[in-house]
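Colleague: What follows is each chain in one-letter form.
Number of protein chains: 2
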Amino acid sequence: MCEANAYLKDGENDILFMESVDTIEPYENGLKLVDIFGKQKFIQAKIKDMALLNHRIILEKTEL
Amino acid sequence: MCEANAYLKDGENDILFMESVDTIEPYENGLKLVDIFGKQKFIQAKIKDMALLNHRIILEKTEL
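Quick mapping for you: the protein sequence lines, in order, are chains S and V.
Residue numbering for the first sequence follows this note's numbering, beginning at 5 and increasing consecutively.
Residue numbering for the second sequence follows this note's numbering, beginning at 5 and increasing consecutively.
A couple of the hints might just be wrong.
Note that the list lumps identical chains together, so a pair holds whenever it fits in one copy or between two copies.
[To be verified] Okay, derived cross-link-like pairs now, EDC-like style, lysine to aspartate or glutamate, Cα gap no bigger than 16 Å in a straight line:
| id | residue 1 | residue 2 |
| --- | --- | --- |
| 1 | Lys50 | Glu7 |
| 2 | Lys13 | Glu29 |
| 3 | Lys36 | Asp18 |
| 4 | Lys50 | Glu64 |
| 5 | Lys65 | Asp14 |
| 6 | Lys36 | Asp14 |
| 7 | Lys13 | Asp39 |
| 8 | Lys36 | Glu16 |
| 9 | Lys13 | Asp26 |
| 10 | Lys43 | Glu16 |
| 11 | Lys45 | Glu16 |
| 12 | Lys43 | Asp18 |
| 13 | Lys50 | Glu29 |
| 14 | Lys52 | Glu64 |
| 15 | Lys13 | Glu67 |
| 16 | Lys52 | Glu29 |
| 17 | Lys45 | Glu67 |
| 18 | Lys43 | Glu67 |
| 19 | Lys45 | Asp14 |
| 20 | Lys43 | Glu7 |
For the record, the hints were derived by calculation from the structure and aren't laboratory data.
Using the sequences and the hints, build the whole thing.
Modeller: Below, the structure is given as structure tokens:
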């Protein structure tokens with residue numbers, strides 16, 4: 005399976021925000037993440053970078 | 005393999021920009037994409053959305 009884990013950048017650390025993410029799309033002024041089970045999470049953030057072979061997506065909080 | 009194809013949004017169409025993308029990271033005022041063979045491409049764009057199980061990443065051009 006080709007899902008990835010989404011981490012939220014917090015200074016020097018990356019905090020796990022959601023596992024097994026399938027889709028990410030814009031939602032209002034942030035992002036909607038949906039995992040492979042259909043569970044949704046919303047976050048006021050943008051996609052900073054990703055490494056698909058490592059199954060990592062890094063999100064970064066955005067200002068309101 | 006869990007690479008994805010990156011498409012550039014052009015109105016109603018999505019134009020294939022790069023195949024077999026592994027990593028995407030910010031670069032200057034756009035993005036640097038690296039494929040599984042190590043080839044690099046740069047684009048003045050942001051990540052709009054993605055569907056990993058479908059191996060699709062949609063990029064959107066940004067203004068200078």
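Colleague: None of the hints should be skipped; say for each whether it holds.
Modeller: Hint check results:
1. Lys50 / Glu7: neither (18 Å within a copy, 20 Å between copies)
2. Lys13 / Glu29: between (18 Å within a copy, 14 Å between copies)
3. Lys36 / Asp18: For Lys36 and Asp18, neither the intra-copy (19 Å) nor the inter-copy (21 Å) Cα distance is at most 16 Å.
4. Lys50 / Glu64: both (5 Å within a copy, 13 Å between copies)
5. Lys65 / Asp14: within (9 Å within a copy, 27 Å between copies)
6. Lys36 / Asp14: Neither, since 19 Å and 22 Å both go past 16 Å.
7. Lys13 / Asp39: Neither: 19 Å inside a chain and 24 Å across chains, both beyond 16 Å.
8. Lys36 / Glu16: neither (24 Å within a copy, 21 Å between copies)
9. Lys13 / Asp26: Neither. Shortest intra-copy (19 Å) and inter-copy (20 Å) distances fail the 16 Å Cα cut-off.
10. Lys43 / Glu16: neither (28 Å within a copy, 28 Å between copies)
11. Lys45 / Glu16: neither (23 Å within a copy, 27 Å between copies)
12. Lys43 / Asp18: Cα proximity of Lys43 and Asp18: none, with 21 Å in one copy and 27 Å across.
13. Lys50 / Glu29: both (10 Å within a copy, 12 Å between copies)
14. Lys52 / Glu64: This pair counts as both: shortest intra-copy Cα distance 6 Å, inter-copy 14 Å.
15. Lys13 / Glu67: within (14 Å within a copy, 25 Å between copies)
16. Lys52 / Glu29: Answer is both: 14 Å inside a copy and 7 Å across each meet the 16 Å cutoff.
17. Lys45 / Glu67: neither (18 Å within a copy, 29 Å between copies)
18. Lys43 / Glu67: neither (25 Å within a copy, 34 Å between copies)
19. Lys45 / Asp14: neither (18 Å within a copy, 28 Å between copies)
20. Lys43 / Glu7: Only inside one copy: Lys43 and Glu7 sit 13 Å apart there, 23 Å across copies, limit 16 Å.
Violated hints for the displayed structure, listed by number in ascending order: 1, 3, 6, 7, 8, 9, 10, 11, 12, 17, 18 and 19.
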